[in-house]
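Q: Sequence:
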Amino acid sequence: MQFDSPEYRKIFTPELKKLIDLFDKHGFELRIAGGAVRDLMMGKEPADIDFATTATPDQMKEMFEKEEIRMINNKGEKHGTITARINEKNFEVTTLRIDVVTDGRHAEVEFTRDWKLDANRRDLTINAMFLGFDGTIYDYFNGKRDLAQRKVTFVGNAEERIQEDYLRILRYFRFYGRIAKEPYNHDKITLDSIKRNMDGLRRISAERIWMELKKIVCGNYAGHIVDTMISLGMSQYIGLPENSNIEEFKKVCASTEELSPLPMTRMSALFNEEQNVYEFMKSLKISNEELKLSLLIVKLRDDDFGENPMKYFGNVLVDSPGKDTKLKERLCELIKYKGNKQLLKEFSEWSPPVLPVKGHDLVQRGIPKGPIFAEMLGDLRQFWKESNFTASKEELLQQVDEKMKKKGL
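Numbering (numbering that gives the first Met the number 0), first residue to last: 0 to 408.
Keep in mind that the hints are not guaranteed to be accurate.
Below, in silico cross-link-like pairs of lysine to aspartate or glutamate (EDC-like), each with a Cα-Cα straight-line distance of 20 Å or less [as the list claims (entries may be wrong)]: (1) Lys214 to Glu247; (2) Lys65 to Glu91; (3) Lys322 to Glu288; (4) Lys88 to Asp113; (5) Lys298 to Glu328; (6) Lys17 to Glu61; (7) Lys284 to Glu206; (8) Lys150 to Asp38; (9) Lys43 to Glu6; (10) Lys65 to Asp23; (11) Lys404 to Glu394; (12) Lys194 to Glu158; (13) Lys281 to Glu241; (14) Lys60 to Asp38; (15) Lys24 to Glu91; (16) Lys77 to Asp57; (17) Lys340 to Asp360; (18) Lys284 to Glu385; (19) Lys194 to Asp226; (20) Lys404 to Glu345; (21) Lys340 to Asp302; (22) Lys344 to Glu306; (23) Lys88 to Glu6; (24) Lys337 to Asp360; (25) Lys115 to Asp145; (26) Lys180 to Glu247; (27) Lys284 to Glu272; (28) Lys291 to Glu206; (29) Lys17 to Glu87; (30) Lys298 to Glu247; (31) Lys291 to Glu272; (32) Lys24 to Asp47; (33) Lys88 to Asp145; (34) Lys150 to Glu181; (35) Lys143 to Glu163.
With beta-carbon atoms standing in for the labels, derived distance ranges [said to hold, decoys possible]: (36) Asn242 to Arg8: 46 to 56 Å; (37) Glu91 to Glu272: 43 to 53 Å; (38) Gln274 to Lys77: 37 to 47 Å.
Derived by calculation from the structure, the hints in this document are not laboratory data. Here a beta-carbon is modelled for each residue, glycine too, at the ideal position from N, C-alpha and C.
Please put together the full structure from these sequences, using the hints given.
A: Printed below as a string of structure tokens:
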């Protein structure tokens, strides 16, 4: 039976039809590959579509040049990928290949015309299928069955697949979150293979590990999956403290489920103190903004926000020195962390008031910049806050005049 679905029919744009006709005209096979096939079979519209072909990169270049099809980004050529551009739409087409040398991070490839050999080098059975443009599903390793049963299974021998690229350990957990029906239904043999090989994650760049980890912590069953990873002894390989607060993490995952938190917001639940955040930054090279967000959450999450949390968060924002344009976003993430949906709505719609008195107003009153100037500005800001931000410029300047008299200025 041929595959068909509304999502599948939707991909047949005029540009794709032109690409299909082109490969057919020149006698090369072209199929949809990997993740896009998986997504289509799950009834999802794929974000990206990768194509596989029997044509070599040189044959593709010759064909595209002959047909006056523009090619962009030749960086992928040594791995067999050529990107064709038709009517401002890009199509990444990769030659069938096999890995001839692997070092746990990268692979040297050799081109082939054998679809099964190409499928054999892929990580998971659900990612190793191809889909023809007549609806034929090419499934060499029972990916269709595993997808129906919501099983995440390595192609062939799990140990071999992992040793080809140790990042596949994290990819396994990411796809488990996307595919599995139950949070703890892992195959024991697979977990044993992961445990024996997880030291290989030391060979993987921090950036690649963090990229996968971000997707895991924002996916389904994040609390259970990270718990499993920690139980296997993986903390040291992914930058986590040995005493990670997994219960807090599970609680935050549950309370933020409908709030779309940033990955770092959830990750912060695993840290017990600010030092953990700095160590995580050192291990996984997170961005400066991610560092600031996590430090803010760890520092303020246990504060008593009082009966009027809007006032608490408003004061934090108004008290911020300088022009920290990202502070409000960070505070919104802290509110998500606490799971307060109503407060998030109110605070995200609230604009911080601007102190009516500026520095030049003080200078005009003869207050030179320095310690007294800073003290005066701070006192004014406090008075303004205590008035619930309602004090006018005139009232504030009156405060300045009174303070100047007291100081004999």
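Q: For every hint, state whether the structure bears it out.
A: Hint check:
1. Lys214 to Glu247: Answer holds: Lys214 to Glu247 is near 19 Å, not above 20 Å.
2. Lys65 to Glu91: holds (18 Å)
3. Lys322 to Glu288: holds (14 Å)
4. Lys88 to Asp113: Not satisfied, since the Cα-Cα distance of roughly 28 Å exceeds 20 Å.
5. Lys298 to Glu328: The hint holds at about 16 Å.
6. Lys17 to Glu61: Measuring from Cα to Cα gives roughly 17 Å; hence the hint holds.
7. Lys284 to Glu206: Distance of about 7 Å is within 20 Å: holds.
8. Lys150 to Asp38: holds (15 Å)
9. Lys43 to Glu6: The hint holds at about 7 Å.
10. Lys65 to Asp23: holds (15 Å)
11. Lys404 to Glu394: The given pair, whose Cα atoms are some 16 Å apart, holds under the 20 Å limit.
12. Lys194 to Glu158: holds (10 Å)
13. Lys281 to Glu241: holds (15 Å)
14. Lys60 to Asp38: Violated, at about 29 Å.
15. Lys24 to Glu91: The hint holds at about 19 Å.
16. Lys77 to Asp57: The given pair, whose Cα atoms are some 10 Å apart, holds under the 20 Å limit.
17. Lys340 to Asp360: Violated - the C-alpha atoms of Asp360 and Lys340 are around 40 Å apart, more than 20 Å.
18. Lys284 to Glu385: violated (41 Å)
19. Lys194 to Asp226: Holds, at roughly 14 Å.
20. Lys404 to Glu345: Violated, at about 41 Å.
21. Lys340 to Asp302: holds (18 Å)
22. Lys344 to Glu306: holds (17 Å)
23. Lys88 to Glu6: It holds: about 18 Å lies between the C-alpha atoms, which stays within 20 Å.
24. Lys337 to Asp360: Given that 20 Å is the threshold and the Cα spacing comes to 40 Å, the pair is violated.
25. Lys115 to Asp145: This hinted pair holds, its Cα atoms lying about 17 Å apart.
26. Lys180 to Glu247: With a Cα-Cα distance of about 23 Å, the restraint between Lys180 and Glu247 is violated, given a limit of 20 Å.
27. Lys284 to Glu272: holds (18 Å)
28. Lys291 to Glu206: holds (18 Å)
29. Lys17 to Glu87: With a Cα-Cα distance of about 13 Å, the restraint between Lys17 and Glu87 holds, given a limit of 20 Å.
30. Lys298 to Glu247: Holds: Lys298 and Glu247 sit about 15 Å apart, inside 20 Å.
31. Lys291 to Glu272: Answer holds: Lys291 to Glu272 is near 14 Å, not above 20 Å.
32. Lys24 to Asp47: Outside the cut-off at roughly 25 Å; violated.
33. Lys88 to Asp145: Violated - the C-alpha atoms of Asp145 and Lys88 are around 33 Å apart, more than 20 Å.
34. Lys150 to Glu181: holds (10 Å)
35. Lys143 to Glu163: Violated, at about 24 Å.
36. Asn242 to Arg8: 46 to 56 Å: holds (52 Å)
37. Glu91 to Glu272: 43 to 53 Å: Once the Cβ atoms are compared, 44 Å apart, the range 43 to 53 Å for Glu272 and Glu91 holds.
38. Gln274 to Lys77: 37 to 47 Å: holds (43 Å)
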